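**Student:** From first to last, the protein sequence lines stand for chains A, B, C, D and E. If you read the first sequence in my numbering, its first letter stands for residue 50, the second for the next number, and so on. If you read the second sequence in my numbering, its first letter stands for residue 19, the second for the next number, and so on. If you read the third sequence in my numbering, its first letter stands for residue 254, the second for the next number, and so on. If you read the fourth sequence in my numbering, its first letter stands for residue 14, the second for the next number, and so on. If you read the fifth sequence in my numbering, its first letter stands for residue 158, the second for the next number, and so on.
In case anyone wonders, no lab produced these hints; they're calculated from the structure. Among the hints, a few may not be true.
Partner residues are not named here, just some residues of chain A that face chain B (Cβ under 10 Å, in silico) [as the list claims (entries may be wrong)]: (1) L71; (2) S93; (3) V100; (4) I108; (5) A111; (6) V131; (7) A133; (8) S139; (9) M143; (10) F172; (11) K181; (12) Y207; (13) V210; (14) R230.
With a cut-off of at most 27 Å between alpha-carbon atoms, the simulated BS3-like pairs for lysine-lysine come out as follows [unchecked claim]: (15) K154/B to K506/E; (16) K343/C to K453/E; (17) K328/B to K354/E; (18) K453/E to K259/C; (19) K98/B to K80/B.
Over 12 Å on every C-beta distance to chain E, these chain C residues come out as not near it, computed from the model [said to hold, decoys possible]: (20) E260; (21) E291; (22) S325; (23) K336; (24) G360; (25) Y387; (26) I388; (27) D390; (28) K393.
Predicted model, so just to flag it, every value in this text is computed and none were measured. Each residue gets a CB set at the ideal place from its N, CA and C atoms; glycine is no exception.
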Amino acid sequence: MIPLTLADVIYWFNALFTAEGLAGVVFLCMMATVVAGAVFAVTSARLIRSVTGLALCFIGVAGIYYFLNSPFVALMEILIYVGAVCITISFAIMLAEPRQEDQGGRKNAMLWPMSAGAAVLLFWGLTMLAGKAQWPAIPTRINNGSLEDVGISLLTTYSMVFELISLVLLVAIIGSIVLARAGRSKT
Amino acid sequence: MNLQSEPVWLLVSLVAVIAFAALNAAYLVWVERKGAGHIQRRIGPKEVGPFGLLQPLADGAKLMSKQLLVPKGVDPVLFKVAPILVLVPAIMSFVTIPFSETLVGRDINLGLLMIFAFASVNVLGILIGGWGSRNKYAVISAVRAVSQNIAYEVPMLVIVLSIVMVSHTLNLNEIVRQQAGFFWHWNIFRLDLSLLMPVSFLVFFVCMLAETNRAPFDMAEAESELIAGAFTEYSGMGFGVFFMGEYANIVIGCALAVILFLGGWQCPFGVASGWWWFLIKLYALIWSVVWIRWTYPRTQFYGLLNLSWKILIPIAFVNLILTSAQMKLDNLF
Amino acid sequence: MSGYFKELISGTYSLAVGLGITIKYFTQPVVTMQYPMEHVKMTPRYRGHIELVRDEETGASKCIVCGMCQKSCPSGCITVAGKKPEGSKKKVLTTYRLDFTKCSLCGLCVESCKPGALDFSKDYNLASPRKEDYIFDLLKRLEEKS
Amino acid sequence: MNLLNLYNFLEMYLVIGAFLFAIGFYGLLQRRSLVGMLIAAELILAGASVNFMAFNRFVAPDPTVGQIFTLFIMGIAAAEAAIALSIVIAVYRNYKSIDAEDLAELKG
Amino acid sequence: MSVFAESQTQETFVVNLGPQHPATHGVLRVKLTMDGEYIDRAEPILGYIHRMHEKNAEVGTWAQFMPNTGRMDYLHALAYNFGYSIAVERAAGIEVPERAEYIRVITCELNRISSHLLWFGAFVLDLGGFTPLLYAFDDREQLLDLLETVTGSRLTYCYYRFGGLYNDIDENFVDGSRAFIKRLRSRMPMYHNLVTKNIILMKRLIDIGPISAEMCRKYGATGPVLRGSGINFDVRKNEPYSVYPELDFDVPVYSECDCMARYMVRMDEIDQSMRIIEQALDKLPDGPIKPEKVPKLIKPPKGDYYAAVEAARGTFSIRLVSDGTNKPYRLKLRSPTFSNLSLYEEASKGMLLADALALMGSLDLVIPEIDR
Chain A
50 MIPLTLADVI
60 YWFNALFTAE
70 GLAGVVFLCM
80 MATVVAGAVF
90 AVTSARLIRS
100 VTGLALCFIG
110 VAGIYYFLNS
120 PFVALMEILI
130 YVGAVCITIS
140 FAIMLAEPRQ
150 EDQGGRKNAM
160 LWPMSAGAAV
170 LLFWGLTMLA
180 GKAQWPAIPT
190 RINNGSLEDV
200 GISLLTTYSM
210 VFELISLVLL
220 VAIIGSIVLA
230 RAGRSKT
Chain B
19 MNLQSEPVWL
29 LVSLVAVIAF
39 AALNAAYLVW
49 VERKGAGHIQ
59 RRIGPKEVGP
69 FGLLQPLADG
79 AKLMSKQLLV
89 PKGVDPVLFK
99 VAPILVLVPA
109 IMSFVTIPFS
119 ETLVGRDINL
129 GLLMIFAFAS
139 VNVLGILIGG
149 WGSRNKYAVI
159 SAVRAVSQNI
169 AYEVPMLVIV
179 LSIVMVSHTL
189 NLNEIVRQQA
199 GFFWHWNIFR
209 LDLSLLMPVS
219 FLVFFVCMLA
229 ETNRAPFDMA
239 EAESELIAGA
249 FTEYSGMGFG
259 VFFMGEYANI
269 VIGCALAVIL
279 FLGGWQCPFG
289 VASGWWWFLI
299 KLYALIWSVV
309 WIRWTYPRTQ
319 FYGLLNLSWK
329 ILIPIAFVNL
339 ILTSAQMKLD
349 NLF
Chain C
254 MSGYFKELIS
264 GTYSLAVGLG
274 ITIKYFTQPV
284 VTMQYPMEHV
294 KMTPRYRGHI
304 ELVRDEETGA
314 SKCIVCGMCQ
324 KSCPSGCITV
334 AGKKPEGSKK
344 KVLTTYRLDF
354 TKCSLCGLCV
364 ESCKPGALDF
374 SKDYNLASPR
384 KEDYIFDLLK
394 RLEEKS
Chain D
14 MNLLNLYNFL
24 EMYLVIGAFL
34 FAIGFYGLLQ
44 RRSLVGMLIA
54 AELILAGASV
64 NFMAFNRFVA
74 PDPTVGQIFT
84 LFIMGIAAAE
94 AAIALSIVIA
104 VYRNYKSIDA
114 EDLAELKG
Chain E
158 MSVFAESQTQ
168 ETFVVNLGPQ
178 HPATHGVLRV
188 KLTMDGEYID
198 RAEPILGYIH
208 RMHEKNAEVG
218 TWAQFMPNTG
228 RMDYLHALAY
238 NFGYSIAVER
248 AAGIEVPERA
258 EYIRVITCEL
268 NRISSHLLWF
278 GAFVLDLGGF
288 TPLLYAFDDR
298 EQLLDLLETV
308 TGSRLTYCYY
318 RFGGLYNDID
328 ENFVDGSRAF
338 IKRLRSRMPM
348 YHNLVTKNII
358 LMKRLIDIGP
368 ISAEMCRKYG
378 ATGPVLRGSG
388 INFDVRKNEP
398 YSVYPELDFD
408 VPVYSECDCM
418 ARYMVRMDEI
428 DQSMRIIEQA
438 LDKLPDGPIK
448 PEKVPKLIKP
458 PKGDYYAAVE
468 AARGTFSIRL
478 VSDGTNKPYR
488 LKLRSPTFSN
498 LSLYEEASKG
508 MLLADALALM
518 GSLDLVIPEI
528 DR
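Could you put the whole structure together from the sequences, leaning on the hints where they help?
**Tutor:** Rendered as C-alpha cells:
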C-alpha cells in the first residue's frame with residue numbers, strides 16, 4: 050500500500066475537519082448503515098430482527114436523501130418508513146407469529162446459492178452499468194427543489210399523482226379493513 | 019477553529035442538547051416526586067441535599083453502578099438496541115427547538131417535520147424493547163403503546179396542520195416570530211383564525227400526553243396491570259436510558275406546545291422576549307403534566323381510543339376546516 | 254348528539270374540578286411524620302410485647318409463677334419457671350422467656366395475670382436480622398430497667 | 014474521487030441503489046415467510062427510490078420530479094404494508110401459518 | 158395442565174397475575190388465559206397464605222381462638238371478633254351488657270369505615286390513580302389512632318371478649334369519634350368530586366364487570382357485591398344481632414350490577430356507618446362492660462351453633478360444634494370474599510385485562526380471609 054507520511058496524515062486531518070470532510074464521513078456512515086441494515090434485514094433468522102434491520106436501513110437511506118439535497122423526502126422517509134411501515138410489519142409479526150422458532154431460509158438446498166448468485170450478478174451488472182454509462186452533465190434547473198417547489202409541482206403539473214396517492218391510500222385502507230375483518234373467525 | 023463554522027456549532031449544540039436533556043430528565047424526576055409528594059400531602063425526597071435536590075444525582079449514580087442485566091431468554095440485540103432507539107431520536111429533536119431567536123441548535127426549515135419524524139422512531143424503540151424482552155406483559159405493553167401512538171398521531175398531526183396552514187412554514191423559529199407582540203397574538207388566542215384554537219390547544223396537549231405515554235394515558239406502563247410494561251425486564255442504565263428518553267419526549271412535547279400555541283420565546287407583553295420566557299412556559303406546561311398525572315386514574319384502552327376517534331379527531335378536523343375557510347375568506351375579501 | 258356535548262362538557266368540568274382539588278392540597282402543609290427524625294408517641298393502651306412489672310416495694314417481679322399466662326397463650330410463646338427457695342411457701346421466678354417470633358400480641362396473658370405482674374411495653378422499633386434478638390428474657394430486662 | 018467526497022458522485026448513489034435492489038431480490042427468493050418477503054420487497058422499493066433521488070439530484074432539470082416520484086413510492090409502500098399486513102393476518106387465521114411453502118402445499 | 162394444552166392449539170396465552178404482581182392485593186394468583194387483551198379464562202388459584210385457622214381452633218381453648226379471628230380479614234378485624242364472640246355467647250348462653258353492645262357496634266362500624274376507606278384507596282390505585290389512596294390513608298390514620306387508644310392495636314384487634322369487652326371507652330374516644338365523623342363528613346364531597354364524578358373513573362366503572370343477581374345467588378356472593386346487584390340483603394337488617402335493631406340506618410342498594418354500583422354501595426355505607434356511630438354515641442348507656450359473672454372456663458353445652466355478622470365484605474358466618482369440653486370440636490368459618498371471588502371466573506370471561514382488574518378491585522379481596 051501507499052506509505053503514509055506525516056504530510057499525508059496532516060493532509061487527511063485537515064481534509065477531515067472541514068465541513069466537507071465531516072460530511073464525507075457522515076456519508077460513509079450512512080452508507081455503512083444502509084448496507085448493515087439491509088444485510089441484517091435479509092439474513093437474520095428472526096423476523097423482528099429483520100424489521101429492526103429494515104428500520105436501520107431506512108434511517109441510512111434517509112441520510113442519503115439528505116445528501117441528495119432533499120431533506121423533506123429524508124424526513125418523510127423516516128416518518129413513513131420507520132414510523133409507519135416498519136411498525137405495521139412488526140404488528141404483522143406479533144399478530145401472526147406466536148411461535149418464536151427461527152424463520153430461516155427455504156428448505157430447498159439449491160435455492161440459496163442460486164439466489165445469492167443471481168443477486169450478485171444483478172448487483173455486478175447494475176454497478177457496471179452505472180460506472181460505464183455516460184451520464185449527462187447537470188442541466189440548468191428550473192427551480193431548486195425546495196419544499197415549496199415540490200408543493201407547487203404536486204398541485205399543478207403532478208396533481209394526477211397527488212390524487213392517485215390519495216386514491217391508492219383510500220383503497221388500501223378499505224381493502225385492509227375488509228381483508229382483516231373477513232378473516233376473523235369470531236365476530 | 020471558528021466557533022461559527024458549521025461542524026463545530028453542530029457539535030457544540032449536540033453536546034449542549036444532550037446535557038440539557040440529561041439534566042431535564044434528572045430534575046423532572048425530582049419535580050415529579052416532589053410534586054407528587056406535596057399533592058399527596060407528604061414531603062417527597064428530602065434527604066440528599068437541601069430539599070432533596072441532589073437526589074437525582076444519587077439516583078443516577080445508583081443506576082450507573084447497577085449491573086446491566088440481560089435476562090436469559092431475551093433477544094440480546096433488540097434488548098440493547100431499544101433504549102438507544104428511544105433516547106437518540108428524542109435528543110436529535112432537541113436540536114431544532116428554538117429556545118430563543120438565536121439560541122437554537124439548527125434553525126432548519128423543516129423543524130416541525132423533523133420532530134415528528136424522530137418522534138415516530140420512539141415508538142419503534144418501545145415496540146422492540148417490549149418484544150425483545152420476551153415477557154408477556156412487555157409484549158402487551160408494546161402493542162398497546164403502538165396502537166395508542168397511531169391513534170393519537172392522527173389528531174395531533176391534523177391540529178399541527180392547521181397551525182402550519184396559518185403560519186405558512188414548518189420552521190419553528192418562524193412560527194414563533196409570527197406570534198410576536200402581546201399574548202393575544204399567540205396562536206392559542208387567535209380566535210380570528212379559528213374559533214376552536216383554544217380547544218385545539220387542549221386537543222394537542224391531550225395528544226401529547228398520549229404520545230408520550232403519560233398518565234392518564236400510561237397504558238403502556240400501567241403498573242397495576244402490566245408491572246412496568248415494556249421496561250419490566252430492564253435494569254440499571256438500560257432502564258435509566260429509557261427513562262431519560264421518556265422525559266426528553268415530555269420536554270419536546272411541551273416545547274412543541276409552547277412553540278405552536280403559546281408563542282415560544284415571545285414575552286406575553288411584547289417586551290424583553292428571550293429564552294427565559296420559553297423556559298417559564300415550558301416548565302409551567304411540564305408541571306401541569308405532572309399535576310395531571312397525580313390527579314387522575316388511568317383511562318381504559320377503549321376509552322382511550324374512543325376519546326381519540328370520537329372526540330379529538332372530529333374536533334381536529336372541524337378546526338382544520340374552520341381555519342382553512344377563514345383563510346379562504348381572507349383571500350376572497 | 255346533545256348527550257355527546259353534554260358528556261363532553263360535564264366530563265371536562267369534572268376533570269377541572271379534580272385538578273382544583275389536588276392543587277389545593279398541594280398548597281396545604283404536609284401531614285406525614287418524618288419517621289426516623291420524629292417518633293410517634295404510643296397511646297397508653299398500646300399493646301406491645303409484654304413486660305414484667307416491678308413491685309415497687311420489693312423491687313422484684315410481682316410474678317407468683319402460677320403459669321396462667323403460659324397456659325392462656327394461644328401460640329405458646331411464654332416459658333415460665335420458678336423454684337421454691339428453702340423455707341418459703343411462695344415460688345420465686347427464675348426464668349421468664351418470651352419468644353416474640355411467635356407472639357401475636359393478643360394480650361390474653363396480661364388479662365389472665367391475677368397479680369398484675371405483666372404489662373405491655375411501648376416498644377415498637379423492633380427490627381433485627383437475627384432470630385435470637387426476638388427471644389426476650391423478661392427477667393433480665395426487668396433487672397436492667399431497675 | 015476522494016474517499017471523503019464520494020457524496021458528490023452519481024455513481025456512488027447508483028451503487029447503493031443497486032445494492033439495495035440486489036439484496037432485496039436475494040431476500041425475496043430466499044425468505045420463507047410472507048413477512049420476510051414483504052421486508053425484502055421494501056428493500057427493492059428503497060433501491061428504486063434511491064435511484065430516482067440520485068438522478069433527480071444529478072441529471073434532472075426539474076428537481077421536484079424525483080422527489081414527487083419518491084413520495085409516490087412511499088405512499089405505495091405504506092399502502093402495500095397495510096394490505097400485506099391484513100393479508101398476512103387473514104392467511105394466518107385460515108392456515109395458522111405465514112410460511113409461503115406451507116401455503117403452496119395447502120393449496121394442492 | 159389443561160390450560161397449557163389448550164393454549165397451544167388456540168390463539169391464547171397464559172399470564173400469571175400474581176402471586177407477586179402489583180395489582181393483586183396480597184398473594185392471590187390468577188391464571189389468566191388470554192386471547193390478546195381479552196380474558197378467555199381467569200382461574201383464581203388459592204392457598205398461598207393458608208394458615209389452617211379452622212384446625213387451629215380445635216387445638217386451643219375457646220378464648221384462645223379469639224386472636225385468630227382478627228387475622229383473617231385484617232381490614233375489618235372487629236367484625237370477625239364480633240361474629241366469633243356472638244357465636245360463643247350464643248353457645249354458652251352469656252348475656253352481654255348493653256353498654257358493651259353499643260361499644261361493640263361503635264368500634265365495629267368505625268372499623269368498617271377504615272376498611273372501606275382502604276378499599277377506596279386501593280381500588281383507585283388499581284385504576285391507576287395514586288393520590289386518592291393517600292388522602293384516604295390520611296383519614297384512615299385518624300381513625301386508627303382513635304381505635305388504638307381504646308383497643309391498643311391498629312390492625313389486628315382482639316378487643317371483644319365473651320360477654321363484653323377487653324376495656325372500656327372513655328370521653329376522649331367519644332369526642333374523638335364525633336370529631337372524626339365531622340371531619341370525614343366534610344371530606345366525603347371531596348372524594349366524590351375528585352374520584353366519583355371524574356369522567357375517566359366513570360368510564361372505567363359504569364357498565365363494566367356486570368355481576369347479575371342470578372350469578373350472586375349461584376355463587377353465594379354477599380355484602381356490597383350483592384347489594385350492588387340490586388338485592389337488599391344485609392345481616393344487620395335481615396338477621397339482626399346486637400343493638401342494630403335499635404339504630405336507624407339504611408342499606409344502600411344499587412341495581413346497576415356494575416363496578417360503579419359496588420363502588421357506590423361502599424361509599425354510601427361509609428355514610429350509613431357514620432350515622433350508626435352517631436346514634437350509638439348518643440344512646441350510649443352507662444354500666445358495666447362485662448357481665449357480672451363470666452365462667453372462667455367456657456364450656457358450651459353439646460350442640461351446633463351459628464352466628465352471622467355483616468362484615469365489610471359481606472356475610473361472615475361461623476358455625477360451632479361443641480362437644481361440651483373447653484375446646485371447640487369443629488369450627489367452620491364462612492368468609493365472604495371466598496364466595497365473592499368464586500364468581501370471578503364466570504364474571505371476567507371475555508373482559509379486557511384492565512376491566513378485569515377493575516372488577517377484581519370492586520370485589521374487595523382480602524386474601525388471608527379467602528385462604529383462612
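**Student:** With reference to the structure, classify each hint as holding or not holding.
**Tutor:** Hints, verified against the model:
no.	hint	verdict
1	L71	holds (5 Å)
2	S93	holds (9 Å)
3	V100	holds (8 Å)
4	I108	holds (8 Å)
5	A111	holds (8 Å)
6	V131	holds (5 Å)
7	A133	holds (7 Å)
8	S139	holds (6 Å)
9	M143	holds (6 Å)
10	F172	violated (26 Å)
11	K181	violated (36 Å)
12	Y207	violated (20 Å)
13	V210	violated (20 Å)
14	R230	violated (17 Å)
15	K154/B to K506/E	holds (19 Å)
16	K343/C to K453/E	holds (24 Å)
17	K328/B to K354/E	holds (21 Å)
18	K453/E to K259/C	violated (68 Å)
19	K98/B to K80/B	holds (19 Å)
20	E260	violated (8 Å)
21	E291	holds (15 Å)
22	S325	violated (7 Å)
23	K336	holds (27 Å)
24	G360	violated (7 Å)
25	Y387	holds (18 Å)
26	I388	holds (20 Å)
27	D390	holds (24 Å)
28	K393	holds (25 Å)
Going through the hint list in order, the structure does not satisfy hints 10, 11, 12, 13, 14, 18, 20, 22, 24.
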